[in-house]
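Chemist: The chain contents come next:
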Amino acid sequence: MDAITEDPKTEAPIAPATEAVDLAAEFAETGLSEVFEELDRDLVGLAPVKKRLREIAALLLVDRARARFGLEAASPTLHMSFTGNPGTGKTTVALRMAEILHRLGYVRKGHLVTVTRDDLVGQYIGHTAPKTKEILKRAMGGVLFIDEAYYLYRPENERDYGQEAIEILLQVMENQRDDLVVILAGYADRMERFFHANPGFRSRVAHHIDFPDYSEEELNAIGGRILGAMNYVMSPKAEEAFARYISLRKEQPHFANGRSIRNALDRARLRQANRLFTAGRPVTAQDLRTLEAEDILASRVFSGGIDSYPPIGGTHP
Amino acid sequence: MRITQGAFSFLPDLTDEQIAKQIQYCINNGWAVNIEFTDDPHPRNTYWELWGLPMFDVKDAAGVMFELNECRKAYAGRHYIRVSAFDATHTWESVRLSFIVNRPENEPGFALERQEVDGRNIRYTTRPYAANQPEGARY
Amino acid sequence: MSTIETAKPAEKKRDRYSAGVMEYRKMGYWQPDYEPKETDVIALFRVTPQDGVDPIEASAAVAGESSTATWTVVWTDRLTACDKYRAKCYRVDPVPNTPGSWFAYIAYDLDLFENGSIANLSASIIGNVFGFKPLKALRLEDMRLPVAYVKTFDGPATGIVVERERLDKFGRPLLGATVKPKLGLSGRNYGRVVYEALKGGLDFTKDDENINSQQFMHWRDRFLYCMEAVNKAQAATGEVKGTYLNITAGTMEDMYERAEFAKQLGSTIVMIDLVIGYTAIQSMAKWARRNDMILHLHRAGHSTYTRQKSHGVSFRVITKWMRLAGVDHIHAGTVVGKLEGDPYTTKGYYDLCREDFVPQNLAHGIFFDQPWASTRKLMPVASGGIHAGQMHQLIDLLGEDVVLQFGGGTIGHPMGIQAGAQANRVALEAMILARNEGRDILNEGPEILKAASRHCLPLRQALDTWKDVTFNYSSTDTPDFVPQVTAAE
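Chains as they are written, first to last, in the working numbering: chain A, 72 to 388; chain B, 7 to 145; chain C, 15 to 503.
Hint data in this document are derived by calculation from the structure and do not stem from the laboratory. Just so it is clear, CB atoms sit at the ideal spot from N, CA and C, and this is done for glycine as well. Zero decoy hints are in this set.
Partial chain C-side listing against chain B, Cβ under 8 Å, derived:
| id | residue |
| --- | --- |
| 1 | Asn245 |
| 2 | Asp370 |
| 3 | Ile446 |
List of simulated lysine to aspartate or glutamate pairs, EDC-like, C-alpha gap at most 16 Å:
| id | chain 1 | residue 1 | chain 2 | residue 2 |
| --- | --- | --- | --- | --- |
| 4 | B | Lys65 | A | Asp249 |
| 5 | C | Lys98 | C | Glu49 |
| 6 | C | Lys98 | C | Glu52 |
| 7 | A | Lys121 | A | Asp284 |
| 8 | A | Lys202 | B | Asp63 |
| 9 | B | Lys27 | C | Asp454 |
| 10 | C | Lys183 | B | Asp93 |
Input sequences plus hints: build the corresponding full structure.
Modeler: Printed below as a string of structure tokens:
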């Protein structure tokens, strides 16, 4: 009953077929260009991912325009899967994706709720449904990002409560598409097996985005940005050492792309601090901001060890 | 009759769109929204049954509407359902808004019993007709 | 103190206490360097001296006469820590745009006052001093009550939050009406009005200030018929209802007797008039606290001393005293109705009733930061010449923690009292609904009311009947400081 408040009906009248929509102007109006600029600024590389994002944004923009001419179909499915190795920027892109969807009016609030299996699946009977619902309620109006989504499904354990979470998820993904967007994320191969075992998810996910590993040049550029943000530089020799570090580390297990780079630089800063402290002479501003080759070369990676964090076995240099 | 507890009982029953707007208002104020139901409409029946816990971390009314619809599936038509909002701000720390969103199709109302006592005094008791039946079989 | 400096003060001291008359400012009641202590009670007076009287001397005299001084020097001062007990006027400012008047700031040591006694506080601050001949006029504008003093009072017996919990009414103003005609109805007829109004949709009805126990209606009859009406309306609506039973009487014994009877009948609320005096009010507040009773205060008589700006006591001071004294409801103005009330000044009263900390706000007439130290909130009541057509203005100005009392606006409805009550309740709920939805009720109010009236005939009739009624007279009690108006955008 709207007699009380007399809200103007929200459905806008259908535009006459002759009218034209300026998509570029619409794009500018939503402020999406800023989001994409920010994305370019914050994230090195990832060209295919950025391209997919622009395509999705364009699709949604066109959908909006079509709706204005009465050409809409049912509200679009927006659930997505992000596949790729750790540290390839999936969470960061999800954050931007939430903002893009918000600006285009496909989610009302635009916040991102990041969860893993433990947040959704309970430990005893009757625990899972309220847990999953609690997360879903919190995510409504925004985007729910389920990292390593395949852990929800554990076929080897017949009393696994993950199945219950999956059923609730599927139901809400189907019935409340206007209320939230779900992004399932994880390693590509495992996600593939997960979708295979749970066709319900595959059919409800409209967009698959693959996040490639970074090239060595990109990893180097990431390192440069991290240091720049913290007001550090590398000496030319250190730079050379770091390039070698990257090619060695990349081939080792537990490599996590951007995250491994950040960890390596954190350790290099520790070594630099220790070097300056034990040198026993006054230090200049230049000393304080410069990483030297020795700060990099002391890493176990150069002696065949693994430079992971937290350390895998053994003590740390 | 129509019981008039809650903030909007004199208006025609609220649509889901209107309910969602009120819920969003509560969320925007930082209040925790709660769903309660009962089949005892006595005005002093303070503690309606809780449908789950108050929702503290929900950002969008859709989250509450989701639970409200679950509650309706279980109780609509046979129970009263109300939405209430708690404000934890110091010196308030109580309910800020409360309104009925579902009511039984037929509301038989209340009997007023009078017991005459000394000095022209009367002791009054208000008894819902529905309460003649056991809980769960009232509407 | 070093020995070299003793000569001067000693000499001064001799002067100070030599017999005879001395200017107040020289007796220590003017101390421009004094910095008020956190525990000092501070009073702000508007001082209008007689022609030729120096404003500083006049202000010092006010400090003196409201604390330790008399017209002449007395040696017995020297038997006391008189420096401590002397009130100190520390600042005198000209009143903006008002030649001949000054604002005098006077600090009082906490030890000057008995714990938890408004009678004692007022006997000092507004005791003799208001008749002091060298002053043409004097007004107590505001007081800063330190936390240490606030904590010596219980505060409201019930308070807004618990009142709402007891009544199970949240998120909207409460609705009331004063039974009309004020005088002459028999108990049986009186109860009829109560029943109709409550069943129609009001939360409360109210006795008027001068309904006590007259020949046309003895108090017991009124209480019995009113409670029949309350209980019947409660059963008819499934909603908690109440009526303010006025227990004002000639003696405390009579008041206690009436209060006990109201309690015995199951009333949730009783009512007193301001004219019973501060001590009687505090006694009834303590009784209300012991007996889980909401205590409504009608501010009968206040306009004799609050209304004129030059002389008397500002209502904001009365509001503060009443929150300390422990009443739960106080009539605090409507702005748009028939009784005195400038919007900014009224906003100041409402803040003092409802906030836990009220910051200085000169444009609202609030001269000091006032901490309330979690003292319960006092429910303001807006009453006098208001009707459903003003609902958007009332909610915009007064907020939702208020009792809106539509007496004539309920009982005067052309289709009867129930219709009047229903019109008010529908208007109220529709406006709150719209406000919560984010609509601009002040500007869209008339449309919202019109839309609501489409499903409520009584509201349509009420809007037609009173559409042109307004009381646009200029207020006498307005703030002296105007908010700085800056060019818009």
